[in-house]
Amino acid sequence: MRKPLINKDPVPSVRFVEIGAEQAGQRIDNFLLRLCKGVPKSHLYKAIRSGEVRVNKGRIGAEYRLEEGDMLRVPPLRLPRPDQAPPVPPAVFPIVFEDDALLVVDKPAGVAVHGGSGVSFGVIEQLRAARPDAPMLELAHRLDRETSGLLLIAKRRKALLGLHDMMREGGGRKHYQALVVGDWVNDKQHIRKPLLKWLTASGERRVKVDAEGKAAHTIITLEKRYGRYSLLGAELRTGRTHQIRVHLASSGYPIVGDDKYGPDEIRDRFARLGFRRMFLHACRLEIPHPLTGAALVFTAPLPPACRQLLDYMEQHP
Numbered sequence: 001m002r003k004p005l006i007n008k009d010p011v012p013s014v015r016f017v018e019i020g021a022e023q024a025g026q027r028i029d030n031f032l033l034r035l036c037k038g039v040p041k042s043h044l045y046k047a048i049r050s051g052e053v054r055v056n057k058g059r060i061g062a063e064y065r066l067e068e069g070d071m072l073r074v075p076p077l078r079l080p081r082p083d084q085a086p087p088v089p090p091a092v093f094p095i096v097f098e099d100d101a102l103l104v105v106d107k108p109a110g111v112a113v114h115g116g117s118g119v120s121f122g123v124i125e126q127l128r129a130a131r132p133d134a135p136m137l138e139l140a141h142r143l144d145r146e147t148s149g150l151l152l153i154a155k156r157r158k159a160l161l162g163l164h165d166m167m168r169e170g171g172g173r174k175h176y177q178a179l180v181v182g183d184w185v186n187d188k189q190h191i192r193k194p195l196l197k198w199l200t201a202s203g204e205r206r207v208k209v210d211a212e213g214k215a216a217h218t219i220i221t222l223e224k225r226y227g228r229y230s231l232l233g234a235e236l237r238t239g240r241t242h243q244i245r246v247h248l249a250s251s252g253y254p255i256v257g258d259d260k261y262g263p264d265e266i267r268d269r270f271a272r273l274g275f276r277r278m279f280l281h282a283c284r285l286e287i288p289h290p291l292t293g294a295a296l297v298f299t300a301p302l303p304p305a306c307r308q309l310l311d312y313m314e315q316h317p
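Each residue of the sequence shown is one higher than the last, beginning at 1 in full-length UniProt numbering.
I should point out that these hints are in silico values taken from the structure, not numbers from a laboratory. Not one of these hints is a red herring.
Computed cross-link-like contacts, SDA-like style, restricted to lysine to any residue with a CA-CA straight-line distance of at most 20 Å:
1. K57 / G25
2. K41 / R27
3. K208 / R192
4. K208 / R237
5. K57 / R73
6. K197 / E212
7. K155 / G172
8. K37 / L139
9. K260 / G203
10. K224 / Y312
11. K158 / Q26
12. K41 / A62
13. K37 / E18
14. K188 / E235
15. K214 / R192
16. K260 / R206
17. K41 / D29
18. K46 / L77
19. K57 / R27
20. K57 / E18
21. K46 / L35
22. K155 / V96
23. K57 / L77
24. K158 / M136
The task is simple: from the sequences and hints, build the whole structure.
Next up, the structure:
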């Protein structure tokens, strides 16, 4: 007689999780997304709305922020089997600095910092997949997908809050390098133009200079001229979406390879040379340590593709 098949999938059951100091302050939806890896977002939000997820025996909304000592009820949810391949491929990125509170990586161009907007996963999801035992890994700031360079990741809740407070108050200094179309005139120039987010007809996020927008301040310095092109340094004094890209493009100096704010013919020309990215690189970061206050300076050299392009332009003015 054939033996009955045994279902080896783990049986979902109610779980109770007590919130510690490191989890305090997180939105409950973000906490559950990490706790219940592999469970679709729609299932988690449905469980919150229906009251199956409870805190201290009471119903809460998705925007609720957890507090230390909260008792969280997690309903039965179908989780991936222990032997099932993780949905996000783990990845190792060049580490510039790491201690028990902070991780700084050198992000390559073409990799999103997080999933969403048509991207299944990004740096943060891949780091979590590569470090499944890490109690916490959270982005402290953002870089555009096509921007390379220094990316800050917090490993402790207190460090994340400290970094957010610092950036909100304009602390720290973030420096970039950009190759732009045009012969930049001034050795140093302040660009102060308000920026406003808007959506195209297809739903794509864009930013434009607009009096109704938020104040934005970028300091531009000339590093080197390459005929019709200029290598610039850009220091962010505010951190608006696409700030450097829009400030430079609106000033008549779009970044080489920028597919949103730059001319197609320039992008095509450099693609024929083998350069198929945007020339914007987060090269230097100066911040106080979020826990100790010690002065930290991180640097990331230009990626090989950018360096090789500059060498080519040096030889072919």
